[in-house]
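**Student:** Sequence:
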Amino acid sequence: MASRRPNFADRLKTGQLRRLADTRIGRKLDFGRQFEMSRRGDVARRLSLSRSLNRNGGWNSRRFHGHVHSTFVNFHFGSWYAGPSCYPAHTWMPRWSPWVSWSWWDTCLPVCDPRPMFCRPLVCRPCRPWVIWSYPTWVSLPVVSSGTWVDVAPARDDGRDLQLLAVRFVDAGHPDQKLGPRYRVWFRNNGDKKIRDDFNVMLLASNDREPSRDVPQAGVEIDKIDAGAIQTVDIRLPFEANTLDRDSEKREIPFRFLHVLVDSHRDVDEPFEENNGVVLARGDVLPVDPASFSANVISAAAGDMIDIAGEGFGPEPGEVIIQINGLELQAEIYGWYDLGVHIKLPSLPLATDAEADIVIVRGDGAVSNPVQVKVVPAKRPVTPPPAPVK
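Add 65 to the 1-based position in the sequence shown for our numbering, that's all there is to it.
Since the hints were derived computationally from the structure, they do not count as laboratory data.
Each residue gets a CB set at the ideal place from its N, CA and C atoms; glycine is no exception.
It cannot be assumed that every hint is accurate.
[Unchecked claim] Cross-link-like lysine-lysine pairs, in silico, DSSO-like; alpha carbons within 27 Å at most:
id : residue 1 : residue 2
1  : Lys-444   : Lys-409
2  : Lys-444   : Lys-93
3  : Lys-439   : Lys-93
4  : Lys-243   : Lys-258
5  : Lys-439   : Lys-409
6  : Lys-243   : Lys-289
7  : Lys-258   : Lys-289
8  : Lys-289   : Lys-259
[Claimed, not checked] Computed spacing ranges between beta-carbons, pair by pair:
id : residue 1 : residue 2 : range
9  : Glu-101   : Arg-316   : 42 to 50 Å
10 : His-134   : Asp-418   : 22 to 30 Å
11 : Ala-220   : Ala-443   : 53 to 61 Å
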């Protein structure tokens, strides 16, 4: 039986990633620091990468833009994009195809999840419809407008208190499948006792900061949370959220404000509810960090097409770095999406099999964990012997 490849956490702990961090691109992007910071998460926010991107001219002037194949535009289409303001409002979206379908979680669950535990969302059942009520004046989320869960001071309470900590953008959905945008929500039980009551976490998409019943909404039901624990859930809004507003030319564009509610149906008796929610301008929600979950193959020949699935890759091509046999190369990009990339491995004259580390670099300089693929020599065409001389 083949031995199991060491996962990202194992390789980081044992120092196996130092060689990758010491490459030219590794030093330029500080792979070592980013890999180490990923133990706690929220790396791009802690490094202020979106601010740096905006200071250097924004997404269209991004420095990290790899080799894109000439057919890229033939298999992508222009689409309005419901992501953070550091990303373009209108972007290239890949047409729904086998590699895009495969990159979604229903077919590609991470076997060795590279994310820290508090960045892995729980799988929850949908909650019941929301009944409108007037919000209190929400307190600000920790550190930045869309919050963080890193270095947030403990707020233990002798009673019961749920606190919304952060929300991050995961992906924009897909027009071909009528899928709306997905967000990740972090929340904490500040109380000294486990909350055993069921409660709900909801998102509402709106063009207004005031609550309204008739807006695209979705939520999940949480059955319990331990004292002092942080939990994380993913929620995908209906597709209508991507077409809720209109621009000056009357074209349908995504919603303006995201409403995030913890204990949205007020099932938990709390003396302080002002830290249970937030209303954010859609562009103020920061993206999740890049994470690579899997390649679609264990091994491939030099020059083959392969796919990498993950999250947080951004809306349009960054770079795909491949380190193999001491060489630092770029893959050719045929497709790019928040949740996956479709690339061609470099054509190398390999004599024997070689392990390759593949790192996805988002346009703002945030890097994913490396994924390993065995690259085997390309099959050479068989040349027939020369014709006999008569």
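**Student:** Could you run down the list of hints and mark each one as holding or not?
**Tutor:** Hints, verified against the model:
1. Lys-444 to Lys-409: holds (16 Å)
2. Lys-444 to Lys-93: violated (35 Å)
3. Lys-439 to Lys-93: Satisfied, since the Cα-Cα distance of roughly 26 Å is no more than 27 Å.
4. Lys-243 to Lys-258: violated (41 Å)
5. Lys-439 to Lys-409: Holds: Lys-439 and Lys-409 sit about 14 Å apart, inside 27 Å.
6. Lys-243 to Lys-289: violated (32 Å)
7. Lys-258 to Lys-289: holds (11 Å)
8. Lys-289 to Lys-259: holds (7 Å)
9. Glu-101 to Arg-316: 42 to 50 Å: Given about 44 Å between the Cβ atoms, the range holds.
10. His-134 to Asp-418: 22 to 30 Å: holds (26 Å)
11. Ala-220 to Ala-443: 53 to 61 Å: Holds, at about 58 Å.
Checked against the numbered hints given earlier, this structure breaks hints 2, 4, 6; the rest are met.
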